[in-house]
Amino acid sequence: MTMPSDSGAPAIHLMGQAIPLATHVDRTPSGGARTEGSLTQAVLMARAGWWHRRATLDATIDAEGFTMRSGELSLGAFGEGFVDRRHPHTYLHELMLGLRGHAGPGTLSLGAGRGFAPFGTDDPMVRPFAKYPINHHLAQVLERGIVVGAARVGPAIVEAGSFTGEEPQRASSLPLARRFGDSWSVRGTIVPRPWAELQTSYARIASPEQADGFGLDQRKQSVSARAVSSDGGRYALVEWARTVEYDHTRREAAFSYESVLVESAWRAGAFGVAVRLEQTDRPEEERLADPFRTARPATDLHIAGITRWRTATAAVAAPAVTWGTVVGVPFLELSRLAATARDTRTLFDPDIVYGRSHLWMLTGGVRVRAGATHSRMGRYGVAVP
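Numbered as in the working numbering, the sequence shown ends at 385 without a single skipped number.
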């Protein structure tokens with residue numbers, strides 16, 4: 001359902017999505033090859049506007065806590081107690097209420113709720129690949145209790161947000177009210193052409209790994225360039241991100257991780273083709289008896305080293321199949337990964353853990369969707385270019 005720009009009537013746009021997929025990897029930390037099935041990215045999204053679009057709602061309900069309790073097999077992935085598996089997101093992934101207005105030549109917006117901090121690039125859920133990039137926790141800050149403001153004048157957009165620093169501990173976690181305001185971020189975006197944008201952002205996050213607030217802080221930087229054709233048939237993204245874990249008691253950096261990513265997608269007749277190249281540093285935390293899990297809450301004492309992951313991924317999407325209002329797009333993704341210790345003093349040796357340093361990952365599935373695709377995720381109000 002769409003609403004004309006001059007209409008004061010309320011309108012809501014709903015989209016449901018789920019991706020049943022199978023993943024095969026030739027090596028795992030538990031030894032040997034492994035094949036698993038998952039129902040990933042099972043979400044219901046709502047975008048609503050009323051009062052001539054001066055008031056807005058952005059909501060995402062995520063069922064991954066039910067559909068992939070043990071995570072999604074994905075070599076190189078890390079975060080929130082999972083390793084070599086992507087963790088399930090929280091049930092209440094996003095719930096933001098917003099207001100928009102005008103001030104002279106500019107437009108303003110203010111939003112509050114649970115959602116994305118103004119930092120980094122779009123969430124991988126609205127990008128061409130089913131598998132998330134390894135840098136997800138370096139390049140986005142999500143599922144925080146937040147207040148965010150944005151201003152736009154011509155091609156320039158500025159955002160600032162104050163939010164809760166802690167990461168969710170489980171799928172049912174809600175933001176901790178006592179942590180609100182301990183973290184902040186800013187993002188600037190230039191939109192020189194309707195099809196192009198440049199972004200840079202900075203964040204200071206208090207103790208994301210420990211909910212009690214006594215863990216290492218993070219200082220994050222991001223720079224990116226994005227281009228997409230008017231019909232959505234061609235897309236490209238280049239990004240650099242850096243996270244420094246900072247010991248505020250000693251006032252010194254403890255660890256740092258960098259990432260560079262390039263991805264592109266285009267239509268080739270009825271087929272979709274995408275390519276992604278990535279180099280990302282991953283902290284290697286002490287693993288539990290389950291080699292796909294790490295201790296929560298984490299501490300700096302659990303860091304056994306830093307591994308540099310280099311990946312090349314190619315994807316192809318077949319022509320869509322339609323069942324009434326439901327659309328299914330079959331796809332295949334093939335990844336070649338190389339893992340090396342960034343520091344020779346590390347206690348974590350990929351050759352020992354995986355049996356080799358060069359790995360393969362093959363993923364096939366169907367992206368099932370009802371409703372029009374949401375093209376952006378991670379921005380609110382006038383910050384959406």
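Keep in mind that the hints were calculated from the coordinates and are not lab data.
Misleading hints may appear alongside valid ones.
What the hints assert, rightly or not - Quick list of the computed label-pair ranges, beta carbon to beta carbon:
id : residue 1 : residue 2 : range
1  : G269      : D212      : 53 to 63 Å
2  : L174      : V275      : 33 to 43 Å
3  : A270      : L174      : 35 to 45 Å
4  : A370      : A196      : 23 to 33 Å
5  : A318      : M15       : 12 to 22 Å
6  : F180      : P297      : 11 to 21 Å
7  : G101      : I190      : 17 to 27 Å
8  : M15       : L288      : 48 to 58 Å
9  : Y202      : V273      : 33 to 43 Å
10 : F66       : Q279      : 45 to 55 Å
Since the model is a prediction, treat every value here as computed from it, not as a measurement.
The C-beta atom is built at its ideal place from N, Cα and C for all residues, glycine as well.
Structure-based check of each hint:
Distance hint check for G269 and D212: the Cβ-Cβ separation is about 55 Å, which falls inside the suggested range of 53 to 63 Å. Remark: the range hint 33 to 43 Å for L174 to V275 is upheld by a beta-carbon distance near 38 Å. Between A270 and L174 the CB atoms are about 44 Å apart, so this pair conforms to the stated range of 35 to 45 Å. One distance hint, 23 to 33 Å for the beta-carbon pair A370 and A196, holds here, with the actual separation near 31 Å.
For the pair A318 and M15, the beta carbons lie near 21 Å from each other, so the given range of 12 to 22 Å is met. For the pair F180 and P297, the beta carbons lie near 19 Å from each other, so the given range of 11 to 21 Å is met. Look at G101 against I190: about 22 Å separates their beta carbons, and that is inside 17 to 27 Å. Between M15 and L288 the beta carbons are some 36 Å apart, a value that contradicts the proposed interval 48 to 58 Å.
For the pair Y202 and V273, the supplied restraint of 33 to 43 Å holds, since their beta-carbon distance comes to about 34 Å. For F66 paired with Q279, a C-beta distance near 34 Å fails the hint of 45 to 55 Å.
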